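2 protein chains.
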Amino acid sequence: MKFHYPNGKQYVPNTNKTVLKGLKSSTYSNRGMTLEEDLNESNTYYLERQIAIIHKKPTPVQIVNVDYPKRSAAVIKEAYFKQASTTDYNGIYKGKYIDFEAKETKFSSSFPLKNFHDHQIQHMAGVLSHQGICFVILRFTTLEEVYLLEANHLLNFWERMLQGGRKSITKGEIETHGHHIPLGFTPRIDYLKVLDSLYHFN
Amino acid sequence: MKFHYPNGKQYVPNTNKTVLKGLKSSTYSNRGMTLEEDLNESNTYYLERQIAIIHKKPTPVQIVNVDYPKRSAAVIKEAYFKQASTTDYNGIYKGKYIDFEAKETKFSSSFPLKNFHDHQIQHMAGVLSHQGICFVILRFTTLEEVYLLEANHLLNFWERMLQGGRKSITKGEIETHGHHIPLGFTPRIDYLKVLDSLYHFN
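Protein chains in written order, with our numbering: chain L, 11 to 212; chain C, 11 to 212.
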């Protein structure tokens, strides 16, 4: 069964089952997995090998009505999706605070900025000002290409839009300012390798 | 309307309304606020003044059934509470990764360890090994006393329990190893002040 957010995006439940499925299928081609599934699998890989502790935050939900059947678990009967006020992923790697958002697009020549919300942008600016490591992971689904783009660049492109400029980042700009992450097997998206090349860790 | 978790604990929705209520009532005595409400208010205070970026993670929920009425928001019709695999709060302060759990007890002479789950303990041990700052905030509700106890001490008490020792931490042990946080107005629980006295920040 598939769910969709009000904006038409598919809801992908973040369950252990999903992660296990990811781990299993990562031994062979796992095309068709969502970016979230690939990242969950990668984060599980990092966690199990004690490389980093990075988790996706639960989907924020406003709970309105809960039923308490006797002798069984509480059932949420009415709830609504809420907009997240932060990015989806955070954690710690080599003593540094890590914070990022992951988004995918079907376009192949540019990445629309409407994938981000104003409070996420504010949050990222805040993380940078507190000396955290902040970035976005962008996937071009049709091209099967994944890039890591540091938040300072995203903030520049956002600012350009606010000044009346284009509402997207061109593929060329992402290639210039971002870092291509080759897809692997385990982990599927080895984004920490990119961070190793960008930052000085103790 | 009040909800309760299967374990009988009251469910406190983490809404902006709650935070605003906290901010308002913090100008006078706000006895009766839960520890979560006080911490949300404190975190909002830190966030607005650009002191730190620390958020409570959303309550993890397993979504089973969603309805998509025409022209209105998607309604979650069936969902269940899931056990969190991490602590509830994390973020960044002065460039350091911050991670903690907050719990309250009605007892006044000891704090039961059953308030914590095994994966939370594993998570805290992991955060320490990655050089994060990790602790618990413990409230004795009847005494109206709040303590910050660093995770390494909690891990020792947990280990003592696993070795067949007592299943709680005595009040005296918390006074010895923990740090009393006097309740204030804004912020209500100024736990970062305690961290300032314990860690070297740049």
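Hints are computed from structural coordinates only; laboratory data are not their basis. All of these numbers come straight from a predicted model, not from anything done at the bench. C-beta atoms are modelled at their ideal positions from N, C-alpha and C, and glycine is treated no differently. Careful: at least some of the hints might be erroneous.
Straight-line C-alpha distance at most 25 Å; calculated SDA-like pairs for lysine to any residue [said to hold, decoys possible]:
1) L/87 to C/67
2) C/181 to C/84
3) L/67 to C/125
4) C/92 to L/165
5) L/113 to C/84
6) L/113 to C/71
Anything over 12 Å on all C-beta distances counts as not near chain C; from chain L, calculated [stated by the list, open to error]:
7) 76
8) 84
9) 106
10) 133
11) 141
12) 155
13) 172
14) 181
15) 207
Now for the hints, and whether the structure bears them out:
A C-alpha spacing of about 21 Å is found between residue 87 of chain L and residue 67 of chain C, which places the hinted pair at or below 25 Å, so the restraint holds. At roughly 47 Å between alpha-carbon atoms, residue 181 of chain C and residue 84 of chain C are farther apart than 25 Å, so this suggested pair is violated. The hinted pair formed by residue 67 of chain L and residue 125 of chain C meets the criterion: a straight-line CA distance of about 21 Å does not exceed 25 Å. Pair hint residue 92 of chain C plus residue 165 of chain L does not hold up; C-alpha atoms about 35 Å apart against a cutoff of 25 Å.
Simply put, residue 113 of chain L and residue 84 of chain C have alpha-carbon atoms about 21 Å apart, close enough for the 25 Å limit, and the pair holds. Between residue 113 of chain L and residue 71 of chain C, the direct Cα distance comes to roughly 22 Å. Compliance with the 25 Å bound is thereby established for this hinted pair. Consistency note on residue 76 of chain L: stated as away from chain C, yet its beta-carbon is not over 12 Å from all of that chain's, at 4 Å minimum. At the 12 Å boundary, the C-beta of residue 84 of chain L falls inside the reach of chain C, the nearest C-beta of that chain being 5 Å off.
For residue 106 of chain L, the shortest C-beta to C-beta distance to chain C comes to about 7 Å, within the 12 Å cut-off, and the non-interface label is violated. Residue placement check: residue 133 of chain L does not keep its beta carbon more than 12 Å from all beta carbons of chain C (closest about 7 Å). Not every CB of chain C is more than 12 Å from the CB of residue 141 of chain L (nearest about 4 Å), against its label as outside the interface. Annotated as non-interface, residue 155 of chain L keeps its C-beta farther than 12 Å from every C-beta of chain C; the closest such distance is 30 Å.
Distance check on residue 172 of chain L: its Cβ is at least 21 Å (rounded) from any Cβ of chain C, clearing the 12 Å threshold; non-interface status holds. With a least beta-carbon separation of about 31 Å from chain C, residue 181 of chain L lies farther than 12 Å from that chain, consistent with its non-interface assignment. Residue 207 of chain L, annotated as away from the interface, keeps every beta carbon of chain C farther than 12 Å; the closest lies near 20 Å.
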